[in-house]
Amino acid sequence: VTATIESSPVPPGLTVRRRTSSDRIFDRLSMSAAALVLVLIVAIAAFLIWKSWPALKLAGWDFFTETQWQPDANPAVFGIAALVWGTLLSAFLSLVIAVPVAVGSALLLVEVAPPAISRPVGYVIELLAAVPSVVYGLWGVYVLVPRLIPFEKWLAANFSWIPLFNNPSNTYGRSMFVAVVILTIMVLPIIVALARDILRSVPAADREAAMALGATRWEVIRLAVLPYARGGLTGSVMLGLGRALGETIAVAMVLSATFEITWNILEPGGNTIAANIATKFGEAGPVGQEALVASGLVLFAITLAVNMAARFFVGRGVKASGRA
Amino acid sequence: VAAAALASACGSSSKGSSSPTTAAAGAPASCATGTLTGAGSTFVQNLALQWSKNYSKACSGATINYQGVGSGAGVTQLTNGTVNFGATDVPLTSAQSDLLQPKGATVQVPWASGGIALMYNLSGVSNLKLDADTIAGIFAGKITKWNDPAITALNQGASLPSTTISTVHRSDSSGTTAAFTLYMSKTSPTTWTLGSSKTPTWPGGQGAKGSDGVTATVGQTPGAIGYAEVSYAQGSGLPVVQVKNASGQFVSAQSTAGVQATMSTATISSAGAVTVDYATTNPAAYPIVTATYVVAFKSQSSSPGNLLKSFLLYAVGTGQSAGPALGYSPLPQNVVTFAEQQINTIAVG
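From first to last, the protein sequence lines are chains A and B. Quick note, the first sequence lines up with residues 1 to 324 if you use my numbering. Quick note, the second sequence lines up with residues 1001 to 1349 if you use my numbering.
Simulated from the structure, these hints should not be mistaken for lab results. The model shown is predicted, which means the values in this text are computed figures rather than measured ones. Glycine is no exception: its CB is placed at the ideal position from the N, C-alpha and C atoms. One should not assume that every hint holds.
Stretch by stretch, here's where chain B covers chain A in the computed footprint (C-beta under 8 Å, at least three residues) [what the hints assert, rightly or not]: (1) 137 to 147; (2) 256 to 265.
Once the Cα atoms are required to be at most 20 Å apart in a straight line, the calculated EDC-like pairs of lysine to aspartate or glutamate come out as [as the list claims (entries may be wrong)]: (3) B:LYS1244 / B:ASP1133; (4) B:LYS1298 / B:GLU1340; (5) A:LYS57 / B:ASP1098; (6) A:LYS51 / B:ASP1098.
Produce the entire structure from the sequences given, and follow the hints as far as they go.
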């Protein structure tokens, strides 16, 4: 070892000894920083389990099947079935709208538009991500809710044969539909920004090879760009999904908060785990607080699963593109 | 910390002899110094902040912090010892008491009251009158049109449209909801069968977060009716329902005397819980009212005990006169007397 170090070109004034000790300090620091993140995650999980255990024990398996949320009533009745339903439905529907728009925008920015257009457009889209969610909530309450009512009525009048757009209550306003629209706007910039970076990472050689074979612009995108980027794009969508699942205050401000499992997103109602915690925690009694922490544990597990799935897809995408 | 350590009472916390009706607005009877922290009810927040301001102005060296984090969170913070007093919109539940008990005996004192107004959005109608059964019928989803015979019978001469009634309630857990549903469950038990709760299972209508959300939604929705504390109704400019009381009179929530008249016939349990008598025959009484409470430990060290006692005596005494401007009603004398007795059982030493 000594021989190698002596033979390595060390600049004058910088001793080998100092370099290794600073290296060691850096190693330690970066290691402890990484360990801290892990410890935090484990500590959060431990806290959630510890605080929610009494409520989980009280509710038993009903916690996963019950739709009502009356933890402070006597007897206490509460479960996360309706909340999980609302959380997944709102996040999924927002992705259904957001993904085509986001991937389309990212393709425009990277493949189609000249830099003079793509730079300012990209900047504006990133600006959407900088708007605080409470501002989206206020905008939702005062602007979106009243203005979406005519559109919701039109949907119900023409498409009520689709369960999603059926509204037997005939009341319009603070519905799951509004929450979906707000979530769409909130996840859009995240997916666009990530998708743009992924599309940019497609090697120029792939594009040029396709072009050399006489491919049109659309064929280049379809044959060279999208297959290479598929894994990364799926990962970016999953990260957008994580955002939609956990969004709290903007959703809490526009939802009517009911506890039922329904497809009818136009009627006033709907609830998500995060929104329910935000609206119920302050006034909750002892059991109510434990029950809300238990619902938080479920949300933690769902987002963890989504993020792990995103990792998996991104990893697989990288491997697949490596083969290509 | 230094200020708290130096805290001393500069006046004995004797029972205030001043009457809330004759005292100058906002002057505490005695001063103490130090720092006091409280948390809880959002209902009382505006008034508590006003009290804090008035008290610090009159007594230099006293700082009172209040955080409107919600009743449940306030009681939890008191239990954990992170605040000196907690504020709750509904009397302590047995579950909350069980957690507080091991930490020491507590006093629970009603310290503010107010009316709950019903706001509506119905163009061309400005003088709507409803009684307990129609209110319960509307919120139970049994009366669905504004020109329902039950409503037109109470509003003879008014031209009520056939618009669908859209009810607006709180989507978050709320003491205001508990008080409003208590009123319906007591005055119209056959129509409103869902009992009293901070989060009832509403049979329909729209939910909105916070009284500000309810007010905004009523304002946006033609045919809507919703409930909120009087201050929100006043701020919104929306018309409020005149509610029929037990003696057959129609009274507006904006009458502080009406709220006070109902409160004055309320009974108070030894634990400090107020029970409203909705059947009071006082013709001026506005029936939909609520009281809100402060909870503190009975055994206090001199700091901040002296300040706590002095501040609470001020709040239930002369501090009540700060209420009407903010939409609260001054507590009637019988409640004030009870509250002062209870606060004086706090042992400082």
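Taking the earlier hints as the rules, which of them does this structure contradict? none
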